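J.: Each chain, written out:
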Amino acid sequence: MNWDLFPQFLATGLLTGGIYSLIALGLVLIYKASRVFNFAQGHLLMIGAFVAWWFTDALGWNVWLAFGAAIVFAALLGLLIERVALRALIGQPILATVMMTLGLAQFLQGGTIVAFGASQRSLPELFALRAIILGDIRLKQNLVFAFAISMLGFLLFVLFFRYTRWGLAMRAAAEDHQLAQSVGLRVPRIFGMAWAIASVVATVGGVLLASISGVELNLSIIALKAFPAVLFGGLESIPGAIVGGLTVGVIESLVGGLPADAALRALHLGDIAPYVFLLIVLWFRPDGLFGLKRIERI
Amino acid sequence: MAIRLAGDFDISYAHDMAIIRNRGQWVMTIAFIVTLFALPFFLDAHTLGILNLIGISIIAVHGLNILLGYTGQISLGQAAFMAVGAYTAAALVKAGVSFWLALPMAGLVAGLVGILFGLPSLRIKGFYLAMATLAAQMIIPWFFRNVRTDIFGGMPGLTMQPPRLGEIIFNSQATMYFPIMLTVVVCTIAAKNIARTRLGRALLAIRDNDLAAEVLGIEQFSHKLRAFFLSAFYAGLAGALWAMYARSINPEQFSLLSSVWYLGMVIVGGMGSALGPILGTIFLRGLEEITTQLAPVLSKMFPQLEAGLLAALGPMAFGVALMLFLVFEPRGLSHRWEILKAAWRLRPFAH
Chain Z
1 MNWDLFPQFL
11 ATGLLTGGIY
21 SLIALGLVLI
31 YKASRVFNFA
41 QGHLLMIGAF
51 VAWWFTDALG
61 WNVWLAFGAA
71 IVFAALLGLL
81 IERVALRALI
91 GQPILATVMM
101 TLGLAQFLQG
111 GTIVAFGASQ
121 RSLPELFALR
131 AIILGDIRLK
141 QNLVFAFAIS
151 MLGFLLFVLF
161 FRYTRWGLAM
171 RAAAEDHQLA
181 QSVGLRVPRI
191 FGMAWAIASV
201 VATVGGVLLA
211 SISGVELNLS
221 IIALKAFPAV
231 LFGGLESIPG
241 AIVGGLTVGV
251 IESLVGGLPA
261 DAALRALHLG
271 DIAPYVFLLI
281 VLWFRPDGLF
291 GLKRIERI
Chain E
1 MAIRLAGDFD
11 ISYAHDMAII
21 RNRGQWVMTI
31 AFIVTLFALP
41 FFLDAHTLGI
51 LNLIGISIIA
61 VHGLNILLGY
71 TGQISLGQAA
81 FMAVGAYTAA
91 ALVKAGVSFW
101 LALPMAGLVA
111 GLVGILFGLP
121 SLRIKGFYLA
131 MATLAAQMII
141 PWFFRNVRTD
151 IFGGMPGLTM
161 QPPRLGEIIF
171 NSQATMYFPI
181 MLTVVVCTIA
191 AKNIARTRLG
201 RALLAIRDND
211 LAAEVLGIEQ
221 FSHKLRAFFL
231 SAFYAGLAGA
241 LWAMYARSIN
251 PEQFSLLSSV
261 WYLGMVIVGG
271 MGSALGPILG
281 TIFLRGLEEI
291 TTQLAPVLSK
301 MFPQLEAGLL
311 AALGPMAFGV
321 ALMLFLVFEP
331 RGLSHRWEIL
341 KAAWRLRPFA
351 H
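For the record, the sequence lines run as chains Z and E. Heads up, the first sequence is in our numbering, so the first residue is 1 and it goes up one at a time. Heads up, the second sequence is in our numbering, so the first residue is 1 and it goes up one at a time.
Just chain Z, same shape as in the assembly (with noise of 0.2 Å):
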């Protein structure tokens, strides 16, 4: 064991885990308001980072006001898909909608090689290069303010939940369907909204993401990773969800860093150890650390 590597890769896996937080926040959104788990959180997180590329490559323009670009037609994309693809299945059971967002997966992943290419792309850089150095740890400038973003990001969400209108309406809707319908509450268009701060996350997520590791389409993949930080945080938990992101994060830096023994390593246990924590969760504690238990009364 490389204990003197703690430190490291324990800071390692909290910046990554912020990314995870962020794609955490936007499946439980969509979970909360709608009870759809939305298995193309990481497509759209793709299709931002892709969106923000083609401002940036095709019009020129500074990767900030791309950035925010990504951020609105990200909104839209979230309107849309709930619009067309969702409406349909309210009140369906669960499998239709799983397999729903699933399709809807594989479809943007084919819009998105048909609209952008398959090949891999570069963002302009949206931070220095520069490594920042506390003591023994060094961090990676881009991952830092990426979890400062992802942080903030979260903050603005809690305000907005309690502050607002219409975060009072969504909290409300999230809590009983009919009972918000029945006072007034428009409650697909408040679906509506969960797609698009959803989508808007994952934006924010995938360009962040982006910048680190470049515009391609395994960025969608690393949503599946998010799914474990769900679980774990609790499907209806926002407090959840970051608990869960930065300790999958951890989870996966520590397993598949710290082992010394070359044959160990040679494993690759960090793939997976997300995964055997999923399952550990689900034997022990499925409804996570904040969800909501499920009492089935006859």
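Heads up, a few of these hints could be off.
List time: in silico SDA-like cross-link candidates among lysine to any residue, alpha-carbon distance up to 20 Å [stated by the list, open to error]:
hint, chain 1, residue 1, chain 2, residue 2
1, E, Lys125, Z, Leu292
2, E, Lys125, Z, Ile280
3, Z, Lys293, E, Leu211
4, E, Lys125, Z, Leu279
5, E, Lys300, Z, Ala118
6, Z, Lys293, E, Ile124
7, E, Lys300, Z, Gly111
8, E, Lys125, Z, Phe290
9, E, Lys125, Z, Lys140
10, E, Lys125, Z, Tyr31
11, Z, Lys293, E, Lys192
12, E, Lys125, Z, Phe284
13, Z, Lys293, E, Phe127
14, Z, Lys32, E, Lys125
15, Z, Lys140, Z, Phe9
16, E, Lys192, E, Lys300
17, E, Lys125, Z, Arg285
18, E, Lys125, Z, Gly91
19, E, Lys125, Z, Gly111
20, E, Lys125, Z, Trp283
21, E, Lys125, Z, Ala118
22, E, Lys125, Z, Leu289
23, Z, Lys293, E, Pro120
24, E, Lys125, Z, Asp287
25, E, Lys125, Z, Ile295
26, E, Lys125, Z, Val276
Here are the simulated distance ranges between beta carbons [unchecked claim]:
hint, chain 1, residue 1, chain 2, residue 2, range
27, Z, Ala88, E, Met301, 30 to 38 Å
28, E, Glu329, Z, Ile280, 53 to 61 Å
29, Z, Asp261, E, Glu252, 21 to 29 Å
30, E, Thr149, Z, Leu5, 20 to 28 Å
Bear in mind the hints are in silico, worked out from the structure with no lab data behind them. As the structure is a prediction and not an experimental result, all values here were calculated from the model. A virtual CB, placed ideally from N, CA and C, is assigned to each residue, including glycine.
Fit chain E to the known structure of chain Z by using the hints.
T.: For chain E alone, coordinates are given in the frame of chain Z:
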């Protein structure tokens, strides 16, 4: 109950339970089987290759249908269980075991792994169980990629000698067609009949209302595990046949994406019927083949689009088909087929 022809009465209990009820149906069934096995003598290797692939997929989708359509449990790991079957078969053949023995062994081993990943169904169900199978889909290919690379070949995977039977070597599409289609026929008959047994009815009861089923004395856990076993057993057979078909197998062939395609085939075909997997597989594999044929034509017409078009059309067509079916025909093609049959028997009346 389906609408019967006039004069088609049940005259004995055996007749009441029969799937094939009258002489006309017997003639059609036999004609169909004969045609099915005569096809390799008339078709070219490319078409037979597609048929073989469809056959292998049908077996895997039958298995998934037992779990999803009959028992109501979502599984995102069917391709991973196929991988278990494929690797078991290839490793056994490498160790000198005959392929014909390795084939059922592959099903058995995959079934046991299926039970292992079905164990969480003791505590969780529905969406949470789907997540457990997602973990299986991630962990199993990782296992074959990284663990015991001396047996499983690591990243490049394994190659398998073509199986032999006496003088015949099964190394061409035409020869492979026979074992594949034979397995398809046996698996279809088995799948059709599983639904009619005590076990099948218990599974249906669990799907429709698990609490009520439990109250009626159907033990949920053991029945769910049996469904997992059967589903993974089918996947294992399909995997072993895939190892024969592809000759060289690697972990990348059994991705989450293929699991999603199998799920799509169950949905498009129609859940909970033995006909559904067949129709769904033919529909989606056909769609895939059409996009493969179409892609070069389109990229010639629109040269500004990249070569990635080929990779784009398949997923897009799949996604659109799946979404349209979910919204407009959630009961799938087999339901459509039943409506057509009823309309044909009632013609010229509407009802």
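J.: Given the hinted pair E/Lys125 and Z/Leu279, is their Cα-Cα distance within 20 Å?
T.: 13 Å, holds
J.: Checking one constraint from the list: CA of E/Lys125 to CA of Z/Arg285, max 20 Å. Satisfied?
T.: 13 Å, holds
J.: Need the status of pair E/Lys125, Z/Tyr31: alpha-carbon distance at most 20 Å?
T.: Between E/Lys125 and Z/Tyr31 the Cα gap is close to 17 Å, so the pair holds against 20 Å.
J.: Is the Cα-Cα distance between E/Lys125 and Z/Gly111 20 Å or less?
T.: 33 Å, violated
J.: Keeping to a limit of 20 Å between CA atoms, is the pair of E/Lys125 and Z/Ile280 held or broken?
T.: This hinted pair holds, its Cα atoms lying about 15 Å apart.
J.: Does E/Lys300 pair with Z/Gly111 here, judged by a C-alpha cut-off of 20 Å?
T.: 19 Å, holds
J.: Does the structure keep E/Lys125 and Z/Lys140 at a Cα separation of 20 Å or less?
T.: 41 Å, violated
J.: Quick check on a hinted range of 53 to 61 Å for E/Glu329 and Z/Ile280, using CB atoms only.
T.: Violated - the Cβ-Cβ distance for E/Glu329 and Z/Ile280, about 39 Å, lies outside 53 to 61 Å.
J.: Taking 20 Å as the top limit, are the C-alpha atoms of E/Lys125 and Z/Leu292 close enough?
T.: 15 Å, holds
J.: Between Z/Lys32 and E/Lys125, is the straight-line Cα distance small enough, at 20 Å or below?
T.: 19 Å, holds
J.: Given the hint that E/Lys125 pairs with Z/Val276, does the C-alpha gap stay at or below 20 Å?
T.: Cα-Cα ~18 Å, so holds.
J.: Would you mind confirming whether the straight-line C-alpha gap from E/Lys125 to Z/Phe284 stays at or under 20 Å?
T.: 14 Å, holds
Hints 9, 11, 16, 19, 21 and 28 from the list above are not met by this structure, while the remaining hints are.
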